[in-house]
Amino acid sequence: GAGVSQSPSNKVTEKGKDVELRCDPISGHTALYWYRQRLGQGLEFLIYFQGNSAPDKSGLPSDRFSAERTGESVSTLTIQRTQQEDSAVYLCASSADRTGELFFGEGSRLTVL
Amino acid sequence: DQQVKQNSPSLSVQEGRISILNCDYTNSMFDYFLWYKKYPAEGPTFLISISSIKDKNEDGRFTVFLNKSAKHLSLHIVPSQPGDSAVYFCAAGHAGNNRKLIWGLGTSLAVNP
Chain C
1 GAGVSQSPSN
11 KVTEKGKDVE
21 LRCDPISGHT
31 ALYWYRQRLG
41 QGLEFLIYFQ
51 GNSAPDKSGL
61 PSDRFSAERT
71 GESVSTLTIQ
81 RTQQEDSAVY
91 LCASSADRTG
101 ELFFGEGSRL
111 TVL
Chain H
1001 DQQVKQNSPS
1011 LSVQEGRISI
1021 LNCDYTNSMF
1031 DYFLWYKKYP
1041 AEGPTFLISI
1051 SSIKDKNEDG
1061 RFTVFLNKSA
1071 KHLSLHIVPS
1081 QPGDSAVYFC
1091 AAGHAGNNRK
1101 LIWGLGTSLA
1111 VNP
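If you read the protein sequences in the order shown, they are chains C and H.
Position 60 of the first sequence, counting from 1, maps to 60 under the numbering used here, and the rest follow consecutively.
Plus 1000 on top of the position in the second sequence (first one is 1) and you've got the numbering used here.
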């Protein structure tokens, strides 16, 4: 597809379970970002990839959160032992380089019961 | 403490009139400001940006004004159209550093026919 694609669009899980969220960036975009937006809050930066490396993981809220990117393409964000406060919309964005316009996916809405 | 504030959670205007969305920031080191628009169930899309070396940037019906002394920016939409109804996010950061953008909570604009 032409845009950033995220899956699943909705995920409901039980507290303590692991979840994996996927992002397919725009082809050729070297920079990839993960954000989250909790209810009533602004977008919160989580992690940034340039190629397959993550020079900035400063936004990851705890060691339960991890992300990887392979083939300078698909990225997965993994949340282990989910907690209720992890409930949010997780947004992925890509850009042609670290300075370019961000193109966002539709987000993955995570609900932890 | 929110570094980027959009104090109006919602705004309603008549079609054809001007919409003015406001944004205040606290960090005088920000030198790059953006507006993104978000429709329901979609990711944010880039609308317009402005560098701190300018005080105005115009793109069609959309104009962003920056008042550095007041640490305030505004987005003007003239004339407003029903299709402009969306949530508008203000973001601030540093040119060339997408990952450090700080986002406001958004203002929901409703343009009534």
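Think of the hints as simulated: they come from the structure by calculation, not from any bench.
Errors might be hidden in some of the hints.
To be verified - Simulated crosslink set (DSBU-like; lysine-lysine; CA at most 35 Å straight-line): (1) 1100(H) <-> 11(C); (2) 11(C) <-> 1071(H); (3) 1005(H) <-> 57(C); (4) 15(C) <-> 57(C); (5) 1054(H) <-> 1068(H); (6) 17(C) <-> 1068(H).
Said to hold, decoys possible - Examples of chain H residues lying across from chain C (beta carbon under 10 Å, computed): (7) 1036; (8) 1042; (9) 1043; (10) 1045; (11) 1065; (12) 1085; (13) 1091; (14) 1100; (15) 1102; (16) 1103.
Glycine included, C-beta positions come from ideal geometry on N, C-alpha and C.
Q: Could you check the structure against the hints above and give me the numbers of any it violates, in ascending order?
A: 2, 6, 11 and 12
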